[in-house]
Amino acid sequence: MSRKAVAPLAFLVALALLAAFPQVVRAGNIVNLGCLVLLYIALASSWNILGGYTGQTNLGHAAFFGLGTLATRLLWLSGKPLWLSLLASGGLAVAFALLIGLPAFRLRGAYFAIGTLALAQILYLTVGNVFPMLSALPTEVLATYQLAPRYYLFLGVAALTVATSYLLVNSRLGLGMMAVREEEDAAESLGVGALKHKLVALTASAFLAGLAGGSFAYYHVGYYPQLPFSPVWTFDTVMIAYIGGTGTIVGPIVGAAFYVIVKEYLALKLVDLHLIVFGILFIIVVLFLPGGLADVWTQLQQALARRRRKLAVAAAHRGPASDQPGE
Amino acid sequence: MLEIEGVDAFYGDLQALWGVSLRIEEGELVALIGPNGAGKTTTLQVISGLLPPASGRIRFRGHDVTRERPDRIVAMGISQVPEGGRVFTGMTVLENLELGAFLPEARRDKAESLKRVFRIFPRLEERKAQRAGTLSGGERQMLAIGRALMSKPKLLLLDEPSFGLAPLLVEQIFAMITEINAQGVTILLVEQNVRAALELTQRAYVLENGRIVGQGSGNELLSFESVRRAYLG
Amino acid sequence: MLISLAQNVVSGILVGALYGLAAVGLSLTFGVTKFLNVAHGELLMLGGYASFWAFTTLGMDPFLTLPSTIVFMVLIGALLYKLLFSRMVKLTEDVKVKNTMLIAFGLSLILQNVALRLWTADDRSITTSYSGVALSMLGVRLPVVRLASLVVAFVCLMALHLFLQRTYTGKAIRATVEDWAAATLVGIDIHKVYLESFILGALLAGVAGALVSVGYSIVPTMGLEWTLIALVVMVLGGLGSIMGTFVGGIILGVTQSVTSYFAGGTYREVVGLLIFLLVLVFRPQGLFGTKQG
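These protein sequence lines are chains U, B and A, in that order. Sequential numbering from 1 applies to the first sequence in the numbering used here. Sequential numbering from 1 applies to the second sequence in the numbering used here. Sequential numbering from 1 applies to the third sequence in the numbering used here.
The hints are all genuine.
Here are the computed lysine-lysine pairs in the DSS-like style, where the Cα-Cα straight-line distance is at most 27 Å:
(1) B:K152 <-> B:K115
(2) B:K152 <-> B:K110
(3) A:K34 <-> A:K82
(4) U:K196 <-> A:K98
(5) A:K192 <-> B:K152
(6) B:K110 <-> A:K192
(7) A:K192 <-> B:K154
(8) B:K128 <-> B:K115
No wet-lab data here; the hints were simulated from the structure.
Start from the sequences and build out the full structure, keeping to the hints where you can.
Set out below in structure tokens:
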């Protein structure tokens, strides 16, 4: 089997398994956890396109997510079909992204980061002011509420996000994005339009995060419209991406699963301890493990391969006679 | 006093020095000459601890200073006047000089050192309350040398003190350098201006493309292609 | 009513002084080390809780415990620097700014949640015997506590200015900001300068926090808000000018108050963030900046 076929195959297998999951596991709270993992996969993967592959640390990701929730919640609850609402969610997020993209990309590095943070914060505060009332699903909807469709929607969005990441990364655009990440000025001088690549990454990132937001709006029974705009969503996303490994496909997935499981486990014991643990892990990753958990896995593989090679070379030097027992 | 043996230095993957070796005895005024880009500044960076060598050894008065921290190297008695002087433009002349005596040992003798510097560079005393950014090129160079002197160095490294200065100023500065040497400070002078350098000193090393290609007195050095070109070109 | 507006302006000035104090700490650290410490707000919070703790457990007046709060912050600053940031010194500027930002972000989560566990999510405030006392001038109410805080903030910044201008350590810091290579050639230990700058930043944040705890209120989640305020004012004032940053703080304070008066409570924060974005994009050196932002 060719190496290139491994990843898509693994993807389809995983997809099949995940699709079967809610049919096999009936417990509502576990399927719920599954929803959360998939949501975080979608968020972290979409962030990764701009933050991990293009190297632009976006601390305003919650804005795209939040706008997505707004669009779907408003449209869907007013009777519009779900697919249309979701599309609008993606669209609204993209519209916002393009609006702020050009001025925002005038800022570089950490200034871009705090600039996007400020922007998202403005949205958070404004939405809290404009939509202060709790948004609850009306009784007719509640009566027919089923978790499974929500799960499949999250699965679909997560799958779409991961697939988009994969396709982008393996395309010429992806090469350009990574060139921008490594050495923006050098890339520019080689003819790689830095701004264009950043905007493409931003658009993809925003659209997918918007879809995630739409899914969230379809899923959550009652919440304050301000909530999805909270910087907490961005921070969770960024942490997951870093701990899992930015700039990889697998990283956000591993990070998301890790995050939700550890959070669940620690929540059983002490309420916010998981944040302290993740804070520490995050710092460790930044200081010592820049590739995150995904990199730990790769480094293990490389270390094992090196060991195998060394043993093979040593055996070859000893010669065939040494294979005889009792030598 | 200073012994450099087989130093290789890299900027990232780019090798800048290949097996550079030289020695300077106490009280000497030695020049390191060579064309632009030969690695002269790099050599000084390595001595001052700003660029760790990939291999080789540097010994100063018997101590191994190869991997020493730059501020410790100053404390041991080596001061560098970097290219262009690099005075602190936001501070006054006096503040610059005072900062030169930053190290505790130098700080103790600050008043005395100041008098000494003002004697060599009277113009600095005139301008002592002025912001260094308002000084002319020549005055800044003097200030930079004065600042280095404030740390009471045993060995003074000068990186192209004549650069960008009018010939008359160059003569003045070089006269001051001679006087400093006469007062007992060993000097390693890096210069592109070969004629001026060879006038000051009898012994020079020639650095070309990161390698020491020879050393000797003025006449001996004329046999080198680059030196000849510098004289005639 | 004009008196009401005047009251708002005065309130804005009083809180703006604390904004300025908080921002100067961040500006100093960032200007020297290029560490973008987004946990600055959490350091401020720690200073506030240190002061609060001394008041509730030992019954000591918060203005009198400022020296001990300062000592506490110096220790915390040194510890955090050695543990987390000292490795970052040698990196190139872009990487340094980004990585320290990320580390500080992780730190802010840790500090926030540790504080939550220790002190719960309730707002806390120090109420002294004179907390309710206020001067009255032309119909405008000037709470004594906040006036005293203004004075303390101003004195701190004056002290900082003198420190940077007159002492060897201060001059070493200034020299390092200007030209770190030339600074090492003079015998200045850059690592020490970085440590000192970081400690100074933490110290100023802590003092600001202590003043906030007595004049306003503190809560473990206040970090993000104050970090953003410090960032806004730092960018607004511009790097390299203590007084400029202080004035920037007052400008923000007054702008917030006036906005609140005309447009309601939530928008007071929004206006600050908008100013921040505008300055970042169109005038990054700020109003009074002397160096590149």
